[in-house]
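Trainee: So the chains spell out like this:
Number of protein chains: 2
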Amino acid sequence: MGQKAWILRMHILDKLAQRIEKANSLLCIGLDSRLDKIPQSFYSDPHPQFAFNRWIIEQTHTYTLAYKPNLAFYESVSGYQALEKTLAYLHEYHPDIVTIADAKRADIGSTNEGYVHSIFDELGFDAITLNPYLGYTALLPFLERKEKGCIILCRTSNVGADEFQNLIVEDRPLWQYVAERVSKHWNQYHNCMLVVGATQPSVLKQVRHIVGDMPILVPGIGAQGGDLAAVLLNGLDSQKRGIIINASRSIIFSENPAHQAQVLQQQINAYR
Amino acid sequence: MGQKAWILRMHILDKLAQRIEKANSLLCIGLDSRLDKIPQSFYSDPHPQFAFNRWIIEQTHTYTLAYKPNLAFYESVSGYQALEKTLAYLHEYHPDIVTIADAKRADIGSTNEGYVHSIFDELGFDAITLNPYLGYTALLPFLERKEKGCIILCRTSNVGADEFQNLIVEDRPLWQYVAERVSKHWNQYHNCMLVVGATQPSVLKQVRHIVGDMPILVPGIGAQGGDLAAVLLNGLDSQKRGIIINASRSIIFSENPAHQAQVLQQQINAYR
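Each protein sequence line maps, in turn, to chains G and V.
Count the first sequence with the working numbering and you get residues 7 to 278, in order.
Count the second sequence with the working numbering and you get residues 7 to 278, in order.
If you're looking for bench data, these hints aren't it; they were derived computationally from the structure.
Check each hint, because a few of them may be wrong.
Since the list can't tell identical chains apart, any single copy or any two copies may satisfy a pair.
[Unchecked claim] Below, in silico cross-link-like pairs of lysine to aspartate or glutamate (EDC-like), each with a Cα-Cα straight-line distance of 20 Å or less:
| hint | residue 1 | residue 2 |
| --- | --- | --- |
| 1 | Lys43 | Asp219 |
| 2 | Lys154 | Asp51 |
| 3 | Lys43 | Asp127 |
| 4 | Lys43 | Glu119 |
| 5 | Lys211 | Glu153 |
| 6 | Lys91 | Asp51 |
| 7 | Lys211 | Glu27 |
| 8 | Lys211 | Asp20 |
| 9 | Lys190 | Asp168 |
| 10 | Lys43 | Glu128 |
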């Protein structure tokens with residue numbers, strides 16, 4: 007509990023800055039450890055998802071700024087046990103690595119308190135991804151946790167994301183409106199960040215212009231085909247950081263996760 | 007498993023219609039069974055949330071079309087155990103009552119398969135609430151489960167929902183655009199529904215005009231202050247049904263849940 011309490015007291019921007027410096031890395035590894043995709047050799051463990059995550063962490067932690075489990079792959083009794091064990095393991099052995107719950111949550115205000123309790127207080131994540139559709143007031147239970155990171159979906163990497171996110175509102179696309187609202191009105195505790203997919207480098211450039219040095223989580227490198235050079239060129243902030251580049255399947259399900267993580271960390275740093 | 011398999015094969019619209027007929031009810035009870043809000047007398051049970059839910063179900067099932075646990079209050083090992091037990095209990099003893107996972111999920115396509123597996127296949131819910139921000143293509147893993155209900159957030163009941171949902175896109179508010187997209191392009195398997203808060207009866211009227219007889223889930227009665235008469239007047243479809251009226255805290259945390267549920271069922275039917 008000592009380490010965990012220490013993590014909870016540190017502001018997310020300080021934790022990010024310290025870990026970027028220490029690991030010389032902007033790499034986030036997505037622990038999308040879907041039970042039917044992990045190697046069969048882990049199935050004999052009483053907690054296969056945790057055993058797999060622990061192995062990935064030990065293979066890759068040297069190169070890593072953050073770990074980001076997607077909660078879609080942990081929504082069961084055994085999944086939550088694996089998630090608890092994964093977070094406890096990180097808190098104990100790698101307390102300076104940033105932890106992001108990729109949950110994309112949003113509910114009405116009082117209900118969000120349930121998510122805040124489980125994700126921040128019980129599991130001890132440093133940050134969470136959130137969906138903006140219900141608005142600022144609904145998300146206050148997250149945003150008012152001043153030290154925790156609130157990473158708002160802006161322009162996602164998936165096919166068909168343009169259906170609503172590119173609609174024109176007040177002379178600009180909805181994703182731009184979201185970036186402006188978050189940057190100008192939601193960020194009073196400096197704990198907001200945005201999600202912009204790697205498949206949209208021109209969007210990344212415009213969002214960077216709007217939000218200054220606010221960190222941006224960039225998924226879509228690797229399996230989804232985003233261009234790393236374009237992401238770095240358009241996404242870095244004034245201090246040559248400010249982006250968190252996520253890769254999931256292309257690292258964790260590769261033949262050699264340690265090698266893949268190191269190569270990607272070095273490619274990122276070469277472009278910086 | 008026999009009963010569960012039967013539930014999975016029936017289309018959501020048929021299950022809704024049969025239960026509305028049998029129970030003469032449009033009432034959905036939200037099982038927002040937050041552990042620190044349930045009566046202390048349940049704490050001695052090894053599964054307090056399940057024991058509370060079972061008691062609520064036994065008190066209220068006669069008057070109920072659907073039960074809707076909000077997953078925000080079950081995001082833990084013990085919470086998932088309670089959720090599994092609650093769903094198994096409903097499948098065994100009340101298989102004709104509709105079950106809705108109030109999850110408000112949305113991720114990129116392949117990730118949504120994780121949610122589909124846990125919520126539809128493992129827990130056996132009949133329907134789920136979804137957030138539209140990532141678009142139709144992302145949500146296909148849900149929508150392609152032809153027999154399952156996909157309940158898309160349109161205009162939510164919370165304070166501040168207007169921040170994005172009321173933005174004008176192509177000469178109409180975003181919530182209207184969402185209703186049109188879902189009604190005209192997402193609903194090929196007739197398994198889509200919408201969420202419109204009870205606090206917005208004029209919106210409900212316009213959405214009903216757009217979507218024909220598509221069912222609409224209406225939260226916000228009770229604790230959130232929505233006007234029941236206005237909801238019924240504006241929300242009923244051509245067959246005097248088509249709305250699912252949810253009440254959560256005002257029933258489950260009342261002195262007498264059975265009485266509260268019966269009174270609300272009768273009020274709803276009086277306005278029908």
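Trainee: Look at each hint and say if it fits the structure.
Mentor: Each hint tested on the structure:
Proximity of Lys43 to Asp219 under the C-alpha cut-off of 20 Å is found in neither arrangement, the shortest distances being 37 Å within a copy and 41 Å between copies. Neither within a single protomer nor between protomers do Lys154 and Asp51 lie at most 20 Å apart by alpha-carbon distance, with minima of 33 Å and 34 Å respectively. When the C-alpha separation of Lys43 and Asp127 is checked against a cutoff of 20 Å, the pair qualifies only between copies, where the shortest distance is 17 Å, while the shortest distance within a copy is 29 Å. Proximity of Lys43 to Glu119 under the C-alpha cut-off of 20 Å is restricted to the inter-copy arrangement: shortest distance 12 Å between copies versus 32 Å within a copy.
In this assembly of identical chains, the alpha carbons of Lys211 and Glu153 never lie at most 20 Å apart, being 27 Å within a copy and 42 Å across copies at closest. For the identical chains of this complex, Lys91 and Asp51 are intra-copy neighbours only, at 13 Å inside a copy versus 25 Å across copies, given an alpha-carbon limit of 20 Å. Within a single copy, Lys211 and Glu27 get their C-alpha atoms no closer than 24 Å, and across copies no closer than 56 Å, so neither meets the 20 Å cut-off. In this assembly of identical chains, the alpha carbons of Lys211 and Asp20 never lie at most 20 Å apart, being 24 Å within a copy and 49 Å across copies at closest.
Taking the shortest Cα distances, Lys190 and Asp168 sit within 20 Å of each other only across copies (17 Å), while inside one copy they are farther apart (23 Å). Taking the closest pair of Cα atoms, Lys43 and Glu128 come within 20 Å of each other only across two copies (17 Å); inside a single copy the shortest separation is 27 Å, beyond that limit.
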